[in-house]
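Quick mapping for you: the protein sequence lines, in order, are chains B and W.
The letter at position 68 of the first sequence is residue 68 when you use the working numbering, and the numbering goes up by one with no holes.
The letter at position 64 of the second sequence is residue 64 when you use the working numbering, and the numbering goes up by one with no holes.
Hint data in this document are derived by calculation from the structure and do not stem from the laboratory.
Glycine included, C-beta positions come from ideal geometry on N, C-alpha and C.
Fair warning: there could be bad hints in the mix.
[As the list claims (entries may be wrong)] Computed list of lysine-lysine pairs in DSS-like fashion (alpha-carbon distance at most 30 angstroms, straight line):
1. 253/W / 45/B
2. 6/B / 206/W
3. 253/W / 218/W
4. 45/B / 209/W
[Stated by the list, open to error] Heads up, incomplete: computed chain W residues facing chain B, CB under 10 angstroms, no partners named:
5. 33
6. 153
7. 203
Letter by letter, the chains look like this.
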Amino acid sequence: METYYKPEDLPKFEEIGKEAPELARKFFDYYNAVFVEGELTEREKALIALAVAHAVQCPYCIDAYTQACLEKGSNLAEMTEAVHVVTAIRGGASLVHGVQMRNIANKLSM
Amino acid sequence: MTVQATIPNLKPPSEEKTLEIVPFKSTLAKHDLKLVRNPAHTLQINLGFLCNQTCLHCHLNAGPARKENMGSDTVNEVVAYAQRCHFDTIDITGGAPELNPHLLDLIKKISPLAPRIMLRSNLSALKDQMNRLIEPLKSHRVVIVASFPSLNLNQTDSQRGEGIFAESIAVLKELNAMGYGRNGSGLELNLVSNPTGAFLPPNQEKTEKRYHQILDQKWGVRFNRLFSFANVPLGRFRQWLIKSGNFESYMQKLVSNFNPCSVEGLMCRTLVSVSWDGYLYDCDFNLARGVYMSGKKIHVSEMPGPPEPDTPIVTADHCYTCAAGLGFT
């Protein structure tokens, strides 16, 4: 296997249902329902998905939601800002744990 | 002004000929569909391939070096044809029709012949000719259909050439100031948005709503309708798809998005396209490909009237563009 991630594997996602079809059906029904326009537009949902795809570092999701964002009418500037939002949260999540570090250090220190 | 978008030197051209696409005709047959003519209500006049821009998505390869431009004799033959046919809409396109010296003569002659006259403009060519054209366009109530691919400067300029986004906004403001796009003025200003790459366009209705909101908020620009069209894999766009390594996936995307429900409303059923040299085609894309109407080379001067209903329309792989998603009008 020359690489773990192959673009041609993305359309095979539904094959995951072969061994557990009922669970797959429930998952894909839910998945598809999530992305239907509701209080958020399909365009906004695709931008959120793109940002989260970067946080979970899923190449399949990045590929799929980059295309989805473009096809829902988002532009590269908006998509880049969305990635920065998730980066800020991800970085902030690390940094805010510095409070734990400080609490422990303060307790141990004179 | 001449503006050039550049084709980036990406991957080497792929072997286009190795790509096997199910013929459009077979896909129609599979769905028990036939693509034949209905009564024609629109005459599209392509004044030529001369353009001040070299947009990457252009299916005609239009640009400043192109010499094909409709002459006055052909203009008169087209006008005579419009007189014989009583079309509802006459749609003038190019290239940049503003660069044809006979444009005003054509508008003056065809205005009494159809209730709706449309002029497709890339805006930058209109800007250069504004003083000469704007009053006649207003007085003949010509609908302006302006290219405006994206609300984003970089996307627009990468497709259409550097500086085009800012220039387009300036021209739209100028048109608004002259009444175009303003409620109650009777001067219609519509926008056309094309994807700025190898992807399909967003939902037209939602995009129109967003464009209204953002163009008004950011630049105070008003317009009437927005049309969202997919890019047709012909001409410069086809070259770009091949050079950028996107041709195969784009064609597959078009094929997999085939919508049988779109076929009934395809524009080619009700449109006659006439090229700069007066020959007839089923649509501007068949014109780009050199496929004559019903497969026969007929000059507009020899055409007695509108094409007969039920005449088959010539198809090719680019027809998947119009039948993808919600279709092409």
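Exercise. What are the numbers of the hints the structure violates, in ascending order?
Worked result: 2, 3 and 5
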